[in-house]
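Based on the sequences and whatever the hints tell you, model everything.
Numbering of the sequence shown is given in numbering that gives the first Met the number 0, commencing with residue 0 and proceeding in unit increments.
It is worth saying that the hints were derived from the structure and are not from the lab. Some hints here could point you the wrong way.
[Stated by the list, open to error] Computed list of lysine-lysine pairs in DSSO-like fashion (alpha-carbon distance at most 30 Å, straight line):
| id | residue 1 | residue 2 |
| --- | --- | --- |
| 1 | 216 | 196 |
| 2 | 124 | 216 |
| 3 | 190 | 216 |
| 4 | 166 | 190 |
| 5 | 166 | 216 |
| 6 | 166 | 196 |
| 7 | 124 | 190 |
| 8 | 168 | 216 |
| 9 | 124 | 166 |
| 10 | 124 | 168 |
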Amino acid sequence: MASDNDATSIDSSCFDEYGTGIWKHSNGCYDCNEYGGLDLCCYYGVFWNVAVHWVSQTVFLCFEVSNCSFRSMPTTPIPEGQWHRNIEYFGESGGHLHLIGHNSDQTTEFNILQLEVDYSGWFAKYRVNLDVLPNLYPVMVNQKVNPPDDYAYTNVFSTICFLEDEKDKARLVLALPGKIVLYNLGSGMIKELADVKHASFRHFLDGARYDGFEMYKHVETLACV
0 MASDNDATSI DSSCFDEYGT GIWKHSNGCY DCNEYGGLDL CCYYGVFWNV
50 AVHWVSQTVF LCFEVSNCSF RSMPTTPIPE GQWHRNIEYF GESGGHLHLI
100 GHNSDQTTEF NILQLEVDYS GWFAKYRVNL DVLPNLYPVM VNQKVNPPDD
150 YAYTNVFSTI CFLEDEKDKA RLVLALPGKI VLYNLGSGMI KELADVKHAS
200 FRHFLDGARY DGFEMYKHVE TLACV
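As structure tokens, then:
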């Protein structure tokens, strides 16, 4: 699926639908003003349930591939005392859509939310407590506040990926200053996956993470890529 940016104005977007068969124009457009206007800034596009999903600071959008149409979907609550969402992670695993958000001080306790299959709303699938990590990796504790005080983080880490299989075996891939680790939510076991440059870990408005990185799941295929 691709957007036809040349043929649209700033107030709307149209999409072409591509696949392994015949390509066709979806004729599906949405009015940005209907979904927050210029404040609409969607990111973290995820394919799940034969649809593409985006989250933002205003609405959450869904593009249904079967009928080539847009619609809004349930949002997650903004934490009390905050003016925006700190969306740490948004992705699919185990046949479900998950979202992780943090409060302003990025504590080591947070919920992993899961979207109901019928899109009726989000619920807390897991309650995570990472208090053991700062003891094992003291470099996580933010001793030097880089951004303004309003965006000071108690602990420096970011969630790269959440993995859940059919047996509800849940794991988090976490980025710490200088390390990438795998954390098992059930057993509490921690496995170090990689060493990375400490200098590339920076503070951002919505959290502390490695600058300029993306992570994608490995999918085996017989096709030539």
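Consistency of the hints with the structure:
1. 216 - 196: Status holds; Cα separation ~22 Å.
2. 124 - 216: Since the Cα atoms of residue 124 and residue 216 sit roughly 21 Å apart, the hinted pair holds (cutoff 30 Å).
3. 190 - 216: holds (18 Å)
4. 166 - 190: Roughly 20 Å between the alpha carbons, so the hint for residue 166 and residue 190 holds.
5. 166 - 216: Status holds; Cα separation ~19 Å.
6. 166 - 196: Outside the cut-off at roughly 35 Å; violated.
7. 124 - 190: The hint holds at about 23 Å.
8. 168 - 216: holds (17 Å)
9. 124 - 166: holds (14 Å)
10. 124 - 168: Since the Cα atoms of residue 124 and residue 168 sit roughly 12 Å apart, the hinted pair holds (cutoff 30 Å).
Hint check: a violation occurs at hint 6 only; the rest are consistent with the structure.
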